[in-house]
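Using the sequences plus the hints, can you model the full thing?
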Amino acid sequence: MKIGRVAILATIIGVLAIGGSDASAYPQFQFSTGAARCGECHLTSSGGGLLNDYGRGESADTISGKGDGALLHGAWTPPAWLTLGGDLRGALGPKRLDGEQPRFLAFPMQVDLSARVAVGPISLTVVAGLNGAVRARPDGASAINYLVSRQHFLTYQRDPESLTVRAGRFSPTLGLGTQDHTAYVRRYLGEYLLEEPYALEVSRARGRWEVYGAAFAPNPIVATRVGQPSYGASAYVERLLAGGATAIAGQARVAIGDADQRVLVGAVGKRWLEGPKLMLLGELDLQRQRIPDGRFTRYQLIGYAGVSRMFLPGYLLGVAVQRFAPDVTLRGTTRNAVEVNAQWFPWAHVEAHLLGRAEATGGDTTHPNLLALLQLHYYL
Amino acid sequence: MRALGAPLLLVLVLLALAACDDARDRPDNWPYVHTALLEPACATSGCHSGPAAQAGVDLATADGAYTVLTGRVCGAPVLPGDPIGNFVWPGHPESSRLMYLLRGDETTIMPPDLPLPDGEIAVVERWILAGATCE
Chain A
0 MKIGRVAILA TIIGVLAIGG SDASAYPQFQ FSTGAARCGE CHLTSSGGGL LNDYGRGESA
60 DTISGKGDGA LLHGAWTPPA WLTLGGDLRG ALGPKRLDGE QPRFLAFPMQ VDLSARVAVG
120 PISLTVVAGL NGAVRARPDG ASAINYLVSR QHFLTYQRDP ESLTVRAGRF SPTLGLGTQD
180 HTAYVRRYLG EYLLEEPYAL EVSRARGRWE VYGAAFAPNP IVATRVGQPS YGASAYVERL
240 LAGGATAIAG QARVAIGDAD QRVLVGAVGK RWLEGPKLML LGELDLQRQR IPDGRFTRYQ
300 LIGYAGVSRM FLPGYLLGVA VQRFAPDVTL RGTTRNAVEV NAQWFPWAHV EAHLLGRAEA
360 TGGDTTHPNL LALLQLHYYL
Chain B
0 MRALGAPLLL VLVLLALAAC DDARDRPDNW PYVHTALLEP ACATSGCHSG PAAQAGVDLA
60 TADGAYTVLT GRVCGAPVLP GDPIGNFVWP GHPESSRLMY LLRGDETTIM PPDLPLPDGE
120 IAVVERWILA GATCE
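So the sequences go chain by chain: A and B. Residue 0 is where the first sequence starts when you use numbering that gives the first Met the number 0, and the numbers rise one by one after that. Residue 0 is where the second sequence starts when you use numbering that gives the first Met the number 0, and the numbers rise one by one after that.
Some hints could be false.
[Said to hold, decoys possible] Stretch-level coverage of chain A by chain B, calculated; a stretch enters the list once three of its residues show a Cβ under 8 Å from a Cβ in chain B:
(1) 190-200
(2) 322-328
(3) 332-340
(4) 356-365
Just so you know, the hints here were simulated from the structure itself, not pulled from any lab data. Don't be surprised by glycine CBs; every beta carbon is placed ideally from N, CA and C.
Here it is as structure tokens:
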């Protein structure tokens, strides 16, 4: 049995290599950089994606402490109705599969460009980029094997605290929203690469509350559809506590497809400890999955707990543990992970991210898979 | 606080029952094997899903995956002389390539990023042993 064999195995590289992280947020920045809400720095109130002018300024002044966070380092300022951005991400790391000699890999992870055109309260956002930047394409590959738009949506929003309506392709607001798509709370909850459905989301962020409600349907384009196609609805409600240094959230989702029916309830917690300058992040979800044709129902548990510390300007260190029990009553199926993240923001627009992760499947923690991966990230 | 009672009780019950079943307590039918085990682990972006599926193996849909793995069309009668499957030889897990891939025996383990745990592989093995039908 080779599954449990100790290996310096860049197992996640295969996952990371197939298209890279999407432009989600860094929840570690909430509170720790002075912003109480994701929408203070991002154009989308739930965070992720394009930064607003304040967010670009903060990326330079507060987080990096050097450079100009504006588009193209301030060399050109687009008109007010146009917002542009993008993410270029590459990875370096050792990879050793069973029976093979270790190999050193260097490959592109993400090449995405983002554009937002706004006319009054209405805006159109499109994120498009390379699909599967590193994997070999099959013979006769068409353009769809190379290019994909993971997000494109219309937004109606009069001001950041007003009722907001969003429609198009995107992931409805749920969970911590970490940028790491391999995090269990994303990978195993339908928020892995290119699993964005088409959705209609209504939200409001006002006072201490943020409320999101969404209905979603599968991507109708079968060629770009990934994951179990489902129809459903989700809700996410977050409340700031303790003078704005703590946020707690509850969430729920119902997803109904031909193959299964899933009902999820969960909670998210974020806590900023001003004294030691520590940011605590946690998420716990319980999901009931019914498989009608398989005549079986099972319960799944997905958890994430992490602590991070910003060393401003320029450094972010964090550790996290993750757990995924795909079938809580079935022995020998749990996945557990421990990871260390070291991120360096030497100048505005630039990030170096060293990830170390040990993962154990089936509860056998004596033979973990090990990963070391250096990511280099540049945003426009 | 009362509103939290039911979900809290459910969590406590689940924790109490945690990991008390083994693979024999799970269905060995194809809808379960595909939906619960193979699709979430294998049919991810850039792997065995969609037009860019690696090695031409698309496991995204139950019917398509069944045909790819067994070489048979779900629902069609099995005729004498039909070729044995591409990755699955019904009734013979010890001769099925799928089992070697899942366990990494003499080949690159699949999925390479996070292999299936033993408890799930055992269910796949039982499905093959039971004849690898699609029902």
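Quick check: which numbered hints come out false for this structure?
When the structure is compared with the hints, none of them turns out to be violated.
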